[in-house]
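Undergrad: Sequence:
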Amino acid sequence: MNAQTLRYVLPGLLAALIPAAATAQIRVLPVVDGVLGRVDGAVQDTLHTTTAALDQTVGNLGTIRIDRIDRFVHDHRDSVERDDTGAPARAHEVLLLDPDPAALRLAAQAGFTVVEQGDAGGLGIAYARLQTPPGKALGSAIRALRHALPGHTITSDSLHFPAGASGRAAAGAALPAVPQGASVGVIDGGVPPDPGLTAQAGFASGAPHPDGHARAIVSLLAGAGIGHIAVADVYGTDPAGGNALAIVRALGWMQARGQRVVSISLVGPANPLLAHAVAIVQTHGMIVVAAVGNDGAAAPPAYPASYPGVVAVTAVDGHNRVLFEAGHASHLDYAAPGADLTAIGLDGRAHALRGTSFAAPLVAARLAALSTDDDVRATLRRADQEAVHAGARTGRGILCAACRQGL
Numbered sequence: 002m003n004a005q006t007l008r009y010v011l012p013g014l015l016a017a018l019i020p021a022a023a024t025a026q027i028r029v030l031p032v033v034d035g036v037l038g039r040v041d042g043a044v045q046d047t048l049h050t051t052t053a054a055l056d057q058t059v060g061n062l063g064t065i066r067i068d069r070i071d072r073f074v075h076d077h078r079d080s081v082e083r084d085d086t087g088a089p090a091r092a093h094e095v096l097l098l099d100p101d102p103a104a105l106r107l108a109a110q111a112g113f114t115v116v117e118q119g120d121a122g123g124l125g126i127a128y129a130r131l132q133t134p135p136g137k138a139l140g141s142a143i144r145a146l147r148h149a150l151p152g153h154t155i156t157s158d159s160l161h162f163p164a165g166a167s168g169r170a171a172a173g174a175a176l177p178a179v180p181q182g183a184s185v186g187v188i189d190g191g192v193p194p195d196p197g198l199t200a201q202a203g204f205a206s207g208a209p210h211p212d213g214h215a216r217a218i219v220s221l222l223a224g225a226g227i228g229h230i231a232v233a234d235v236y237g238t239d240p241a242g243g244n245a246l247a248i249v250r251a252l253g254w255m256q257a258r259g260q261r262v263v264s265i266s267l268v269g270p271a272n273p274l275l276a277h278a279v280a281i282v283q284t285h286g287m288i289v290v291a292a293v294g295n296d297g298a299a300a301p302p303a304y305p306a307s308y309p310g311v312v313a314v315t316a317v318d319g320h321n322r323v324l325f326e327a328g329h330a331s332h333l334d335y336a337a338p339g340a341d342l343t344a345i346g347l348d349g350r351a352h353a354l355r356g357t358s359f360a361a362p363l364v365a366a367r368l369a370a371l372s373t374d375d376d377v378r379a380t381l382r383r384a385d386q387e388a389v390h391a392g393a394r395t396g397r398g399i400l401c402a403a404c405r406q407g408l
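Residues in the sequence shown are numbered from 2 upward in steps of one, following the numbering used here.
FYI, nobody ran anything at the bench for these hints, they're computed from the structure. Note that the coordinates shown come from a computational prediction; the quantities given were computed from them, not determined experimentally. Ideal Cβ positions, reconstructed from N, Cα and C, are used throughout, including at glycine. Incorrect hints may appear among the rest.
[Said to hold, decoys possible] FRET-style restraints, in silico, Cβ to Cβ:
no., residue 1, residue 2, range
1, ARG147, ASP385, 37 to 45 Å
2, HIS148, ALA127, 20 to 28 Å
3, ASN321, ASP101, 48 to 56 Å
4, VAL389, ARG144, 45 to 53 Å
5, ASP376, HIS332, 16 to 24 Å
6, ARG350, PRO134, 45 to 53 Å
7, GLY259, VAL389, 24 to 32 Å
8, ALA379, ALA109, 46 to 54 Å
9, PRO180, GLY346, 23 to 31 Å
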């Protein structure tokens, strides 16, 4: 199984486990002699068993997440390595922000080699990619370079993973109106030719390369009425795709295109390079929308959803209930359908979906439709007025509740 398949399938196994855990515990009630109390007792026993199973499954999300990452790192150990925080990152490389000649000399003396140096994504962020000393683990290399260069920002090129899976589908309803020129940018994998695809660029080896996760997102955007979609493939065929530097370059490309709303259905750890890039594009009026992930509420905060100003999105099912497996961010803005919906896959057929990955583009679709000027705050106020309030776990409300079928 290749890296691209692992990224897409493993979250699916996680999401599929949750509804299965509940239904597997529902027993057929015994035949009784018309005694209501005995029936009620059987029902209560069944409900308690089902609830316990769900609680156990949700409690296991952290273990499932760790096991999934362990397997990914092991299967791609030539390309992926754990950094100083334990997060998966591009192997044998560190990123140095705002490098100066003196810092590069000290890095060289410590055994690091410059692989690349430049402006990340054309956003005015100076950086250098440094190869770690031979035989030195990535985490140790980062700590050593920070010791050699106090006061400098040094980080791994951390990886981000899709926040989507499979689930059950339900029928849709009337969709909200969308202006003809509404446009959304997608940072994810690549997609095949599509009527709504206005531009596509690659920011990883082998990119753009068709990917089922990205195809589903583009399908949902089309189903939500978006007719102009720009896709940045940050995965390609690279096992270390989805790294922070690739996402930064994709953001730079989106900004150069004048993209006002960008959807990112990827999750990873905090990264100073990506945080800086997000802050820069926001100053130029870009609305960045991101999913909170599917690792459960006890998981670490998901990024880029947790960066300040990013529109963080969770997912609800067909009954407007927040998904059990939905992760969290440092803040929460909106919810949108992330289960009981369908989208078109690479095979051209409709597939059931589940995950916060699929909620983020639907929120992005509504923000693009409501973005009639360059005033981000005005756009968000209009979204707040449209949102259906359903409790604190949905942030400021549910957007695009009828958007449940991709094209």
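Undergrad: Take the hints in turn and mark each one as holding or not.
TA: Hint by hint, here is what the structure shows:
no.: 1; hint: ARG147 / ASP385: 37 to 45 Å; verdict: holds, 42 Å
no.: 2; hint: HIS148 / ALA127: 20 to 28 Å; verdict: holds, 22 Å
no.: 3; hint: ASN321 / ASP101: 48 to 56 Å; verdict: holds, 53 Å
no.: 4; hint: VAL389 / ARG144: 45 to 53 Å; verdict: holds, 48 Å
no.: 5; hint: ASP376 / HIS332: 16 to 24 Å; verdict: holds, 21 Å
no.: 6; hint: ARG350 / PRO134: 45 to 53 Å; verdict: holds, 50 Å
no.: 7; hint: GLY259 / VAL389: 24 to 32 Å; verdict: holds, 31 Å
no.: 8; hint: ALA379 / ALA109: 46 to 54 Å; verdict: holds, 50 Å
no.: 9; hint: PRO180 / GLY346: 23 to 31 Å; verdict: holds, 28 Å
Of the numbered hints given earlier, the model fails none.
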